[in-house]
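Using the sequences plus the hints, can you model the full thing?
Sequences listed follow chains A and B, in order. FYI, the UniProt record's numbering numbers position 102 of the first sequence as 102, with every residue one higher than the one before it. FYI, the UniProt record's numbering numbers position 286 of the second sequence as 286, with every residue one higher than the one before it.
For the record, the hints were derived by calculation from the structure and aren't laboratory data. Please read all numbers here as calculations on a predicted model, not as lab measurements. Each residue gets a CB set at the ideal place from its N, CA and C atoms; glycine is no exception. Treat the hints with care, since some could be wrong.
Unchecked claim - Chain A regions said to be covered by chain B (calculated; three or more residues, Cβ under 8 Å): (1) 69-79; (2) 160-171; (3) 246-258; (4) 269-281.
Stated by the list, open to error - Per label pair, the in silico range of CB-to-CB distance: (5) Ala-78/A with Gly-173/B: 13 to 23 Å; (6) Gly-173/B with Thr-219/A: 52 to 62 Å; (7) Arg-267/B with Ser-31/A: 52 to 62 Å.
These are the residues of each chain, in order.
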Amino acid sequence: MTKSPEQLEQELKRRSKAAKLEIWGRVVSFSALILIVAVVVAIIGFVASKGLATFTTNHVNLWDFLSGKNWNPSLTDAHGKPEVGALSMIVGSFLITVLSAIVATPFAIGTAVFMNEISPNRGAKILQPVTELLVGIPSVVYGFIGLSVVVPFTRSVFGGSGFGILSGTCVLFVMILPTVTSMSADALRAVPRYYREASLALGATQWQTIYKVVLRAATPGLMTAVVFGMARAFGEALAVQMVIGNAALMPQSLVDPAATLTSVLTTGIGNTVMGSLQNNALWSLALVLLLMSLVFNLIIRLIGRKGRLQ
Amino acid sequence: MTKRRWLQGLLLTILVALGIFAYQTRQVSQAGGSITAVGSTALQPLVEAAGEQYTADHLGTFINVQGGGTGTGLSQIQEGAVQIGDSDLFAAEQKGIRAKGLVDHRVAVVGITPIVNRKNGITHLTTKQLTAVFTGQVTNWKQVGGKNLPIVLINRAQGSGTRATFEQFGIAGHQAKTAQEQDSSGMVRQIVQTTPGAISYVAFSYVTKAVQAVSLNGVAPTEANVLDNHWKIWSYEHLYTKGQPTGLTKDFIAYVQSPTIQKTLVRQLGYLSPSQMHVTRDVNGQVTPIGGTHS
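Pasting the structure below:
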């Protein structure tokens, strides 16, 4: 009881257990953050340094790379320049991404509307677990099913080998459907209840409410869902590689073999030597992929911001 | 509070135990020796099987075998990151590799044959016809004596050893037309088997009744024809080391080249043994008969 003022002051100034714990917690979470940021920066830096080497060390013209149609990194063309035109792969990637998103969106939004607006009980009980299950199926399984079901089907209907953008689209459609569906459902759920009540009170039917009010209000969210699905489709490697045929040619039709950035990467990387032009050219493709996924992220951000402003 | 202490104590004990374990195993693997072989997926089954047998006979050693492809194998061995680089090609044939300083150990010979879908109605071709097919001058099988079916080309991935060998010896050094590419022989066979009009090329061990192997210039793709170079499309499988191998690496390569493996595993896995060959071939494709066993 007889503490001097100095002692008392010291005791008060000393950090309590709770304060120490707080600092400790801050240090742990902050170092986790630093680690993740460092990893991201390191990956981007590595891919960029490797990918840019094609243009700096091997002196490939950037425009030739982006607009050339011949992909034969081990060969040189008439002017003695390596044939590293990536246009056919870039076109292949975009084509397959856009097509699968176009096919998947109506199904996804339809399912989401059914789950949220038309039959919330049954929807939640059956469709929710089903879509979640679909998300969990590994991509190699999708690829395998595509190879043994979709490809023979395309072959028997359209002739040729069955490998191509059409088969790839079919597989990707199923792969991105659950992602787009569950995100669309979230977007619809976020529409305030009083929007619907107001609409119904004005005498609108349920269908009118859905497509004039709910879908309109949820548009930014739905667009985010579609772009998210596209980002997944763009980056998918294994399943696409198994069914697209991997021919680095400009796509002439949907049933001819084509190639995507990812499929060329996965087939080629083991057969090239680190530091060689062939290897650097593949890294350049990886850099294009990385930049595209950044663009997709940016688009999602932009849509989100626009949605908030309204 | 005491419960937490207990947990902390337990965690610490486990950590220490793990540390000791790691240290111990490190010691053991240093004492017995462990080497890593990386590269060609075509050669991987042989090296893996031989490695298992070797470690079973020589306790305390460990042969770590990884795939990754010929390019990976050669670049890893060039950097000295591994002890053995598996390759389907001569190191000098692979772009970006300085072959000097790498020592070649040939452990197997693999014959490669064109295969077609059985519906194409093709059983033999000439080199000229095969070249025309793969360079795209001919687009229908009826132009080379088959049924009226469009030709579907299937290539292996660029840089694949099988493809390089096929292009060099099968279609006279021409570059195959850009067409669909598959990165494994099993997949290639599967596609040729099911796609009317398809043609590709695989190692002999992948040929089954479901696909038609094609005779070239009247020579059938058989092992006997490879041995005396009547069948020209074949290549060596190489184990590369950086400089002359020493220690376990040397012993293991000698083991793979020994009759024990060459007469059993190599044959079982569908390869030929270099010692059976009546000829040798160098990196430029020059073939010389082996003295004594002249055919």
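Hints and how they fare:
For the segment 69-79 of chain A, the assignment as covered by chain B holds, since 6 residues bring a beta-carbon within under 8 Å of that chain's beta-carbons and 3 suffice. Interface restraint, the segment 160-171 of chain A with chain B: holds (4 residues with C-beta to C-beta distance below 8 Å; minimum three). Taking a C-beta to C-beta cut-off of 8 Å, the segment 246-258 of chain A contributes 5 residues in contact with chain B, enough for the three needed, and the coverage statement holds. With 11 residues having a Cβ less than 8 Å from any Cβ of chain B, the segment 269-281 of chain A passes the three-residue criterion, so the hint holds.
For Ala-78/A and Gly-173/B, the Cβ-Cβ distance of about 18 Å falls inside the hinted range of 13 to 23 Å, so the restraint holds. About 59 Å separates the C-beta atoms of Gly-173/B and Thr-219/A, a value consistent with the hinted range of 52 to 62 Å. About 57 Å separates the C-beta atoms of Arg-267/B and Ser-31/A, a value consistent with the hinted range of 52 to 62 Å.
Violated hints: none; the structure is consistent with every hint.
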